[in-house]
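Those protein sequences? They're chains A and B, same order as listed.
Its first residue numbered 1, the first sequence is counted upward by one per residue in the numbering used here.
Its first residue numbered 333, the second sequence is counted upward by one per residue in the numbering used here.
Misleading hints may appear alongside valid ones.
As the list claims (entries may be wrong) - A few chain A residues that face chain B, going by a derived Cβ cut-off under 10 Å, partial list only:
# : residue
1 : Ser57
2 : Gln127
3 : Ile148
4 : Leu198
5 : Val248
6 : His251
Note that these hints are calculated values from the structure, not bench results.
Using N, Cα and C, we set each Cβ at its ideal position, and we do this for glycine too.
For reference, the chains in residue letters:
2 protein chains.
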Amino acid sequence: MLTQAVPFRLAGTGSCLPRQKIPSAHLDHLIGRDAGWTEETFHIATRHWADGDETSSSLGAEAARGALADAGWEADSLDVVIGACGVMEQPIPGTAALIHRRLGLGSSGIPAFDVNATCLSFLAALQTALFGFLAGRWRRALVVSADIASAALDFTAPEASAIFGDGAAAVALEADGPHRLAALRFATYSDGADACRLEAGGTRLRPHLDLEGFLARSRFAMDSRNTFKITARYFPDFLSSLLADAGVAAHSIHTVVPHQASAPALEHLKRSFPGGHDKTVDIFRHHGNQIATSLPTALHHAYRTGRLEPGSLSLLIGSSAGISLGGAVIRW
Amino acid sequence: MLTQAVPFRLAGTGSCLPRQKIPSAHLDHLIGRDAGWTEETFHIATRHWADGDETSSSLGAEAARGALADAGWEADSLDVVIGACGVMEQPIPGTAALIHRRLGLGSSGIPAFDVNATCLSFLAALQTALFGFLAGRWRRALVVSADIASAALDFTAPEASAIFGDGAAAVALEADGPHRLAALRFATYSDGADACRLEAGGTRLRPHLDLEGFLARSRFAMDSRNTFKITARYFPDFLSSLLADAGVAAHSIHTVVPHQASAPALEHLKRSFPGGHDKTVDIFRHHGNQIATSLPTALHHAYRTGRLEPGSLSLLIGSSAGISLGGAVIRW
Numbered sequence: 001m002l003t004q005a006v007p008f009r010l011a012g013t014g015s016c017l018p019r020q021k022i023p024s025a026h027l028d029h030l031i032g033r034d035a036g037w038t039e040e041t042f043h044i045a046t047r048h049w050a051d052g053d054e055t056s057s058s059l060g061a062e063a064a065r066g067a068l069a070d071a072g073w074e075a076d077s078l079d080v081v082i083g084a085c086g087v088m089e090q091p092i093p094g095t096a097a098l099i100h101r102r103l104g105l106g107s108s109g110i111p112a113f114d115v116n117a118t119c120l121s122f123l124a125a126l127q128t129a130l131f132g133f134l135a136g137r138w139r140r141a142l143v144v145s146a147d148i149a150s151a152a153l154d155f156t157a158p159e160a161s162a163i164f165g166d167g168a169a170a171v172a173l174e175a176d177g178p179h180r181l182a183a184l185r186f187a188t189y190s191d192g193a194d195a196c197r198l199e200a201g202g203t204r205l206r207p208h209l210d211l212e213g214f215l216a217r218s219r220f221a222m223d224s225r226n227t228f229k230i231t232a233r234y235f236p237d238f239l240s241s242l243l244a245d246a247g248v249a250a251h252s253i254h255t256v257v258p259h260q261a262s263a264p265a266l267e268h269l270k271r272s273f274p275g276g277h278d279k280t281v282d283i284f285r286h287h288g289n290q291i292a293t294s295l296p297t298a299l300h301h302a303y304r305t306g307r308l309e310p311g312s313l314s315l316l317i318g319s320s321a322g323i324s325l326g327g328a329v330i331r332w
Numbered sequence: 333m334l335t336q337a338v339p340f341r342l343a344g345t346g347s348c349l350p351r352q353k354i355p356s357a358h359l360d361h362l363i364g365r366d367a368g369w370t371e372e373t374f375h376i377a378t379r380h381w382a383d384g385d386e387t388s389s390s391l392g393a394e395a396a397r398g399a400l401a402d403a404g405w406e407a408d409s410l411d412v413v414i415g416a417c418g419v420m421e422q423p424i425p426g427t428a429a430l431i432h433r434r435l436g437l438g439s440s441g442i443p444a445f446d447v448n449a450t451c452l453s454f455l456a457a458l459q460t461a462l463f464g465f466l467a468g469r470w471r472r473a474l475v476v477s478a479d480i481a482s483a484a485l486d487f488t489a490p491e492a493s494a495i496f497g498d499g500a501a502a503v504a505l506e507a508d509g510p511h512r513l514a515a516l517r518f519a520t521y522s523d524g525a526d527a528c529r530l531e532a533g534g535t536r537l538r539p540h541l542d543l544e545g546f547l548a549r550s551r552f553a554m555d556s557r558n559t560f561k562i563t564a565r566y567f568p569d570f571l572s573s574l575l576a577d578a579g580v581a582a583h584s585i586h587t588v589v590p591h592q593a594s595a596p597a598l599e600h601l602k603r604s605f606p607g608g609h610d611k612t613v614d615i616f617r618h619h620g621n622q623i624a625t626s627l628p629t630a631l632h633h634a635y636r637t638g639r640l641e642p643g644s645l646s647l648l649i650g651s652s653a654g655i656s657l658g659g660a661v662i663r664w
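The following block holds chain A by itself, in its conformation from the complex (with noise of 0.2 Å):
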C-alpha cells in the first residue's frame, strides 16, 4: 500500500496505429474457416498490422509525438523516457534508447531505459515514473508503449492469433498536479508462467546451435483456458484489495480503463462492477489486443473523449503473461 496518494499530472497522450487495417474476413482466409468465423467467434472486426517499414520504435515515436503536442511540450524538456513494450523491437539496446533517437534526443543526455511485465508494462512504467517524481528525481516523464504483435503470431491457433493488434500509445506525465494515484497493485502466479509464451528472442533457444527448435518456437503460444482459469481465480480479491487499499468503492468508479485482453474477459470485467457495461473503455472491436499498447491507448480515448472528468475516480486495470494481474486507482 501507498504511504500517500502521489500527485502527478496526465498533462497529454497520444496513440499510432499502423496504417495496414485489417478485417476480420482476412483472417478467416488465413485461418482457413468459413466467412464470419473470426468476428464472429472473437468479436473483432478489425486491427491493424504493421507493415515492413513501421517498427516498434517508429510507431512509438509517432505516438509520443502525439502526447508531446498534447501536452504542449518539447520533448527535449522531458526528465526521462520510459518504454513500456510488450516485447522489445530488438534486444540491444531497447525500444526506448531507439524511441529517444527518433524524437530527436540522440545528444540530450535525457535518461531511457524500458520497463517490462508483458501486457502491464505500462502500469509497471507509470508506477516507476510517478516513484520517481515522489523522490524528486523527475520532473516531467514521458511513457511509451509499442508492440507489433503480428511478427509472431500462430495461424494454427487461432485464439492465441486472431486477437492480436498493432499499434504505440504514449502519456506524458509532469509531477505534483491535480491528479492523484490513490492505489498501485501488482501480484504475479508464475504457477501460470507458462499459460502465455514467446520461447525465441532472448538467451534461453538459441538458432545457431538449434534453428528447427528456435523456429518452432518463435510464435506466441497461449493456453487459454489455464490462462482464464488463473485469472479468474485470482482476480475477484484483486480487485477487492486495490479498492480497499484506494479507500473506495466499486460503485464509485467513474471509469474503468482496461487492458483489452479479450472480448470475453472485457465482459467479465463488466460485469464486476455496478454500471459496468458504460463504465468500461471498451476499444477491442477494432484494436483487438495490442499487448501492453492497450491500456495506454484505452486511456488515451478516454482522455481525449472527455471521460477522465475531474474529481472522478478512474481504474486501470489488466493481467499479463506472468501471469500478473494489475491494477491502479487514480482520482483525476
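With chain A fixed as given, assemble chain B onto it according to the hints.
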C-alpha cells in the same frame, strides 16, 4: 537530483557463475590467433559460459537464493522481485517471472517485473526499488541480474566477443535502513544507439520472413571506437555532476564499484580518481564483461570482502548500449 537521500539497507548479496570456466586459450583457438593472444590483448584470463541446462533464470535464481540466505530472509517475505537483465531469457514472460517461479513463489502473488537498460539494468532496477521504498510500496525487494552473453557472440569480431562472460548476481534490499542513496544519475546519448547492438530477437527482424537476415544479425556487434568516443566525451561531466548531486568530492569516495566494461575502461576509470587503483573493484580478469550482471557481481564482491565499511562512500558507475551512462553514490 533527489529531493532527499533515500534510506535503505543492503541486506544481502549473492552471485552465481556457470559451471564451465573458459580460459582465454580456448578463445585463441576459436578466434584463430596464436596462443596467448586473447589474454594479452584483452587482459582477461578466464570467463564462465553457461551450458545447455543453465539458463538466465536458473543462474538468477541461484544468485537470488544466495542473497536471500545472506539476508536471512525467506523468499515469501519479499514484496517484489525485479529482474535487471541485459538480455532476457525469452520475450514472454520476462525473466523476473521465471526466477519468481524457481524461487517457489508461483502462487505467492508477490509482484515480478523487469527493468532494462542493457548493461545498466541493475542501476535502473535499484532506482526503481528504492523509489518504491520511498513511496511505501515495498519494504523488501530482490533485484536480480542474469546474463548469458555467450548465447550470441561473434568470434570473427574478437573485441565484441572475447571479453564477455556469463553469470548472475542478486541483492536483497530493505526500506528504511542505515544506508543512503545520496545521488543517482542516468544519461542517454542515443546518437550512439547503433554502436553496440543485438538486432535479432524482437519485433523488427522476423525469422519467418527473412531467415538469412535474421541470422546475420543474431550476434552482438560493437563498434568499439565509436562506443569509446561517445562514452569518453560525456563521462567527465557526468561524473562531476553525479558527485555534485551527492555533495561529495572525488577523493572522499572510498570504493568504486563499476560495470566491468573492459580492461581499458576500468583503467581509465581508475585514473579518474585519487587512489583509484586501490579503490576500484576490478573482477574483470576472471569474469569479463557480464553485461548487466557485472555491476551487482562487483557489488557482491565488495560487500562480501568487507569493503563497504559503515559510513564510507561508494560510487556505482557504468556505461551501456544506448549509449547510456549511469551512476549512484551510496553512503553505507
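**Study point:** When the least beta-carbon distance from glutamine 127 of chain A to chain B is tested against 10 Å, hint result
**Key:** holds, 8 Å
Point to revise | Minimum beta-carbon distance criterion (10 Å), isoleucine 148 of chain A to chain B | key: holds, 4 Å
Review point. Taking the closest Cβ pair, is serine 57 of chain A under 10 Å from chain B?
Key: Serine 57 of chain A check passes; min Cβ-Cβ to chain B is 8 Å, inside 10 Å.
Check your understanding: Would the stated hint for valine 248 of chain A survive a check requiring a Cβ distance to chain B of less than 10 Å?
Key -> Hint on valine 248 of chain A: violated, closest Cβ of chain B at ~18 Å, above 10 Å.
Review point. With a cut-off of 10 Å, does the beta carbon of leucine 198 of chain A approach a beta carbon of chain B closely enough for the hint to hold?
Key: Hint holds; leucine 198 of chain A Cβ to chain B Cβ min 4 Å, cut 10 Å.
Exercise for review: Please verify that hint: histidine 251 of chain A, Cβ, nearest Cβ of chain B, below 10 Å or not.
Suggested key: violated, 26 Å
Violated hints for the displayed structure, listed by number in ascending order: 5, 6.
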